[in-house]
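Chain B: place on chain A using the hints.
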Amino acid sequence: AQKITQTQPGMFVQEKEAVTLDCTYDTSDPSYGLFWYKQPSSGEMIFLIYQGSYDQQNATEGRYSLNFQKARKSANLVISASQLGDSAMYFCAMKSGGSNYKLTFGKGTLLTVNP
Amino acid sequence: DVKVTQSSRYLVKRTGEKVFLECVQDMDHENMFWYRQDPGLGLRLIYFSYDVKMKEKGDIPEGYSVSREKKERFSLILESASTNQTSMYLCASSNPGQPSYEQYFGPGTRLTVT
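Line by line, the protein sequences are chains A and B.
Residues in the first sequence are numbered from 6 upward in steps of one, following the working numbering.
Residues in the second sequence are numbered from 2 upward in steps of one, following the working numbering.
Source of the hints: derived by calculation from the structure; they are not laboratory data.
A quick note: this is a predicted structure, and the numbers were derived from the prediction, not measured.
A few of these clues could be false.
To be verified - Here chain A is said to cover these stretches of chain B; the calculated rule only asks that three of the stretch's residues, wherever they fall, bring their Cβ under 8 Å from a Cβ of chain A:
#1 19-25
#2 39-48
Said to hold, decoys possible - Under the rule of at most 35 Å between Cα atoms (straight-line distance), these lysine-lysine pairs were calculated in the DSBU-like manner:
#3 B:Lys72 <-> A:Lys8
#4 B:Lys4 <-> A:Lys112
#5 B:Lys56 <-> B:Lys71
Virtual Cβ for every residue (Gly too), placed ideally from N, Cα, C.
Isolated chain A, as found in the complex (with noise of 0.2 Å):
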């Protein structure tokens, strides 16, 4: 079965400060991929980042950084100079198993980040 964690129910960060958000999984499937998603206060998902299990190098956008370590099972999310916008709701997800089609969530962290 399929399982994602985040330890971290509520994290705070200072304005133009780097926060990492905790996510660690776990699937006995060699193929899958992780992504990340934010959920303002309004409700919708929002697409973030995607990192494949066979990817050499770990997935960038923008201020977005995904920390990768595979033995660990680990897959952080790095968000460089933080903004009052990324105030929201952060969930981490995978895909395995054999299905493009399912996503497993974590139970999400709650970030604030302070003016």
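The following block gives chain B in isolation, referenced to the frame of chain A:
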């Protein structure tokens, strides 16, 4: 930009009513999904569809059914709404042609069953 729309942002229904939640995507995506989101539980998959008239159960299908008569539209049906179905419902779509298969979400429908 991919656009996924849902018929209502907020909905209030009575116990026992039949409830329809509609989702429409405009990017010709093959796959569509319905999730429910509850505090502390994250997102849980109810049903998904990988083609017109095709559907598969997700992790929590009990009490729900779905319909996909057209590629762009995926409906979630609560046959007889109950108070434990009060939740945020999120629709999503994805394209198998994209390597990552990332899912694009609608704005959500917050359903309250009284």
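Original post:
With a cut-off of 8 Å between beta carbons, are at least three residues of the stretch 19-25 of chain B near chain A?
Top reply: violated (count 0)
Subject >> Verdict on chain A covering the stretch 39-48 of chain B, where coverage means 3 or more residues with a C-beta closer than 8 Å >> reply: holds (count 6)
Original post:
Given the proposed pairing of B:Lys56 with B:Lys71, does the C-alpha separation stay at or below 35 Å?
Top reply: holds (13 Å)
Subject >> 35 Å limit on alpha-carbon distance, applied to hinted pair B:Lys72 and A:Lys8 >> reply: At roughly 31 Å apart (the allowed maximum being 35 Å), A:Lys8 and B:Lys72 satisfy the hint.
**OP:** Sort out whether A:Lys112 lies within 35 Å of B:Lys4, counting only the CA atoms.
**Re:** holds (25 Å)
Hint 1 from the list above is the single one not met by this structure.
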